[in-house]
Amino acid sequence: MIHLAGPYLLASVLAGLGAYGVLARRNAVLVLIGVELILNAATLLLVSVGASGGDRWAAGNVLTLFVITIAAAEVCVALAVVLAVYRLRGDIDLDRTRS
Amino acid sequence: MTGLDVAFAAVGLVAAASGLLAVTTRHVVHAALWLVVCLGSVAGCYLVLGAEFVALVQVLVYVGAVVVLVLFALMLTRAPIGPHAQIATSRLHRVLAAVLGAGVTAMLAAVLLPLAAPVSRRETDTTELASQLFGTWVWPFELLSLLLLVALVAALAVSRVAGRGAREAGRSAP
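Protein chains in written order, with my numbering: chain A, 1 to 99; chain B, 1001 to 1174.
In short, the hints are calculated from the structure, not lab data. Any given hint could be a false lead.
What the hints assert, rightly or not - Cβ pair distances, simulated, as ranges:
1) A:Asp91 - B:Glu1123: 44 to 54 Å
2) A:Asp93 - B:Val1111: 29 to 39 Å
3) A:Gly90 - B:Ala1102: 31 to 41 Å
Glycine included, each C-beta is placed from N, C-alpha and C at the ideal position.
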């Protein structure tokens, strides 16, 4: 037996922390870290629903694998964009207006 | 409180604390390293919840690949070693962000916690997961391989175009 309040609470905390990280950071790579935290909150919810046995076709686990794969693709493209911005502008400060 | 609850509380506290440090630390590289701790303890949560294969994939793909990519990007953009004030926004901005983050947490908890109930944990073993993945979910799975290919080509294209743009900008500037 496991009480699902723990996973649900951890997922909400991780989503909140990720939202804070996205909003409060100026470095573009650190914004991506916040996005990763939000994605992990979502996958934690999927896995805990899978653990409760309320899904068909092992959907909780399979969809978690899909989300992890999509996150890897997203990070790949996002970091390419960040590096491109660094080469064009010399920094990746999101607050700096274009001079 | 069963043993599983205690185990989940332990790894969950580590995950929440390291997640907090990852978004608040002023050391750029430390943020990526705290992200390793956070994602690793989330993998521990998956183990407690009975999803062993997902936990292994989390360690392999997230801790192994994504964080290494993030560290590479930090190094290639000449991340400063040591505390750095330039990575955080102004105090008012951070307070507003904290209020919004707390609001997100409160809203999700208010929606989810009434649904929480003690359940008997259902373990998904790897055999069942594999037969579902290559049976029911095989077409989404194949589409994902296409998505990975497109992401690979797109990352290459973006960096090539940006390199050409930077060279042209450097040529016209002097």
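Evaluated hints:
no. : hint                            : in the structure
1   : A:Asp91 - B:Glu1123: 44 to 54 Å : 48 Å, holds
2   : A:Asp93 - B:Val1111: 29 to 39 Å : 36 Å, holds
3   : A:Gly90 - B:Ala1102: 31 to 41 Å : 35 Å, holds
The structure agrees with every numbered hint stated previously.
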